[in-house]
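A.B. asks: Chains as they are written, first to last, in numbering that gives the first Met the number 0: chain A, 0 to 186; chain B, 0 to 416; chain C, 0 to 189.
Treat the hints with caution; some may be incorrect.
[What the hints assert, rightly or not] Anything over 12 Å on all C-beta distances counts as not near chain A; from chain B, calculated:
#1 51
#2 72
#3 87
#4 175
#5 308
#6 369
[As the list claims (entries may be wrong)] Okay, the calculated beta carbon distance ranges per label pair:
#7 343/B / 45/C: 33 to 41 Å
#8 150/A / 173/C: 46 to 54 Å
#9 140/C / 195/B: 42 to 50 Å
#10 147/C / 338/B: 28 to 36 Å
#11 312/B / 40/C: 29 to 37 Å
#12 167/C / 327/B: 52 to 60 Å
#13 112/C / 24/A: 53 to 61 Å
#14 154/C / 35/B: 18 to 26 Å
#15 216/B / 148/A: 21 to 29 Å
#16 172/B / 142/A: 33 to 41 Å
#17 218/B / 148/A: 18 to 26 Å
Hints were generated in silico from the structure; no laboratory data involved. No experiment lies behind these values; they were computed from the predicted model shown. All C-beta atoms, glycine included, are put in the ideal place defined by N, C-alpha and C.
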Amino acid sequence: MSKDGSAVFFTTKLDDFVSWGRKHSLWPYPFGTSCCGIEMMATLCSDYDMARFGAEAVRFSPKQADMMIVAGIVNTKMAPILRTVYEQMAEPKWVMSMGACASSGGIFNVYSVTQGIDTIIPVDVYVPGCPPSPEGVLHGLMSLQDMIQKGETRAQRREQALKRLNLFHPFKTSTAGEIKDAGYKAE
Amino acid sequence: MNKNSSAIEKHLGSLGQHYSVEHDPDDLWGDSRLIVNIGPTHPAMHGALRMVAKLNGETIEQSYCEFGFTHRAKEKLGENRTYHQFIVYTDRLNYCSALMNNVTYAMAVERLMGISVPERATWIRMIACELARVTDHLICVGINAVDLGAFSFFLYGFHQREDAYTLIEKLCGARLTTSYTRIGGLMNDAPTGWEDEVKDWVKKTRKIIDEMDSLLTGNKIWLQRTVGISAFSKEDCLKYSYSGPVARAAGIDVDLRRDDPMMFYNQVEFDVPVARNGDVFDRYLVRMEEIRQSLNIIQQCCERLKPGPIWADDKRTRIPEKALVHNTMEGLIHHFKFFMGGFEVPEGEAYTQMEAANGELAFYIVSKGGPKAHRMRIRGPSLYHFQGLSPMVKGEKIADMVAALGSINVIAGELDR
Amino acid sequence: MDINTPVTELYGSYFDKYSEIWKNQINTIQSKFSGAIEEVRFPREYPTDMPILYVKKESLIAVLEELKIAMGYNFLSDLTATDEEISPRFEMVYHLLSHENMARIRVKTRVNEGEDVPTATVLWMAANWPEREVYDMFGIKFSGHPHMRRILMDERWVGHPLRKDYPLRGYQLFPDTPAPKADLLEKSDR
């Protein structure tokens, strides 16, 4: 880094290389609850192969995955579980909200359904559809890859912000509370 | 200890050799028990189901199951949406065989209103139901195999499912959430040449099913993992209100298509497979044979399709033609009142059942006149099947619980509604 | 056919097959449990597809047992409730199926708010979870049930969603989830 903190040629190229590596090895954590889970299985199977994009190693433990695909409805009963699983994932982590029910509650505006998972966790890509066709899911995946390459995802922006505040720690997953203590004021 | 030895005796008396080690009560751990939460986000739990098991080593001594993680309040929505608007919610019930739910719901409302569906529409509905049954069975045995380690079996079945999805997409535009039936008929007619494509698919699927059969049915590993596991006897099945392939695997010779026929099932020939032991292997065999029988039914229905109307000409439930809507005042008003107010269903109550892929799927609709139902009760078979999981796996190992859960085909959409 | 079609033309298929059998069975039951049967609604006279027996709450289990053992209705198809908004408020509905001749029958019980219904788990273990669901959705308690607690909604939920006065969008949010209670397993379903 140069004296005023801005990135120089070598570190931007390094960032590009790291982003390239990250975007081509997204290991999904399938959080499939309902109908969208079937289309997610179809995307992972041989006809619409998601392994072509590097997302082959489907990991069923949040600590071993970096992209969580929330496919299906998230209830009032399921919401704390979703939050717990999200917090267990290691940085950098990305969330794809697949389907209408995950993005906004879908056709179910009822007492037991959370109207969108972005009320609970930060989301990077929203894939519309009920359920989205596997081509739609792949399009969402490719958009996420573009965002990772440009550094626009929430995880990467969090990383940059924490680096600017000198609070970045490579092993911690959550810095809730510390940002307030650092005296950071929003612009 | 007594429970363990009786479980061992139960297993050793069955066909396959099930190796189990007798638990020594004086060993290191004494009688400490481990409580394990096989939580809602678990790869072997289909959808979001939760099981808490009390383990003695690896043997499940006691367990309880919890669900409700995909509760979408469809019964409450049934009271707040008109009958036409509710069609969309029905195919999110058993989402592996969505067309069957649409057909059952349409049959239920038609029973309340006394509408008879034209012949071509009934034949296409039967083809749709059997297509849905084949896709559901393929996914059930496929996921069961994946849980036990046989991954390529699943890929064979899934490829045929993708071809079936292409057929369904040609028919009604959507792969999974079809919303194809309307009260009194169907949304649109099958495109020309669709029956021939279905017949080609049937021929190919027959060959693939034989290939899949040769992969697993005589396989020593599969036999060791499924024969004698979680056997549910005939009396237990009746006690827990089991229906469908799981009940037929235990010896209950009841199939609503043959014994209480709806639509034109009494005009097609098919056999009903019934097994004896009621274990995981028998359920697998019954499902594979039912796929073959469903392919026969689809073939017969395709041969008997004749051109004709596909929506009953009943002014209450059929929207007018677009030419009339755009050019006449009466057509416009009819269209407006249909979609804004809904049609009125006379007072009454009816319980309409259907042999779904999982068992007896039924809609109990209570109507007090008016455009919306007073009570829309959905009897999903998965609720009764999941209830019997706890007694089924008592005395089994955790790995056997995974096999049992895959074999009873619990679909979270139909369980939680 | 339109809305003025008389009810005798609707629900045709079951009536022709089973009306004699139903009549005999209902006569036998009425002679055996004379005080318990409040009302009988037969198809073609009422808009229903199978006969409905309105039974008093106290003799519900006796009537169900008679139907199950003596009349051959060995399969419990469904167990649910409806909210009628008149007094008594709820109606418990039991659907039975006979595997011999595929006849079906519907048994109903009128329950007021705050009253208990005897549990049907003594006859069919399958009634366990549907009764819990009826308690969760309507608030009707069942006396003698092995494990009466909520099944579909969260344990901290207040209110019973399927009642007519519960709003469709009645959201309830909880800040955290407590750990499951330790005594849950001891009193478990099995």
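A.B. asks: State for each hint whether it applies.
C.D. replies: Here's how the hints hold up against the structure:
no.	hint	verdict
1	51	holds, 14 Å
2	72	violated, 4 Å
3	87	violated, 6 Å
4	175	violated, 6 Å
5	308	holds, 30 Å
6	369	holds, 21 Å
7	343/B / 45/C: 33 to 41 Å	violated, 19 Å
8	150/A / 173/C: 46 to 54 Å	violated, 36 Å
9	140/C / 195/B: 42 to 50 Å	violated, 59 Å
10	147/C / 338/B: 28 to 36 Å	violated, 43 Å
11	312/B / 40/C: 29 to 37 Å	holds, 32 Å
12	167/C / 327/B: 52 to 60 Å	violated, 37 Å
13	112/C / 24/A: 53 to 61 Å	holds, 59 Å
14	154/C / 35/B: 18 to 26 Å	holds, 20 Å
15	216/B / 148/A: 21 to 29 Å	violated, 48 Å
16	172/B / 142/A: 33 to 41 Å	violated, 25 Å
17	218/B / 148/A: 18 to 26 Å	violated, 46 Å
Hints 2, 3, 4, 7, 8, 9, 10, 12, 15, 16, 17, counting from the list given before, are not met by this structure.
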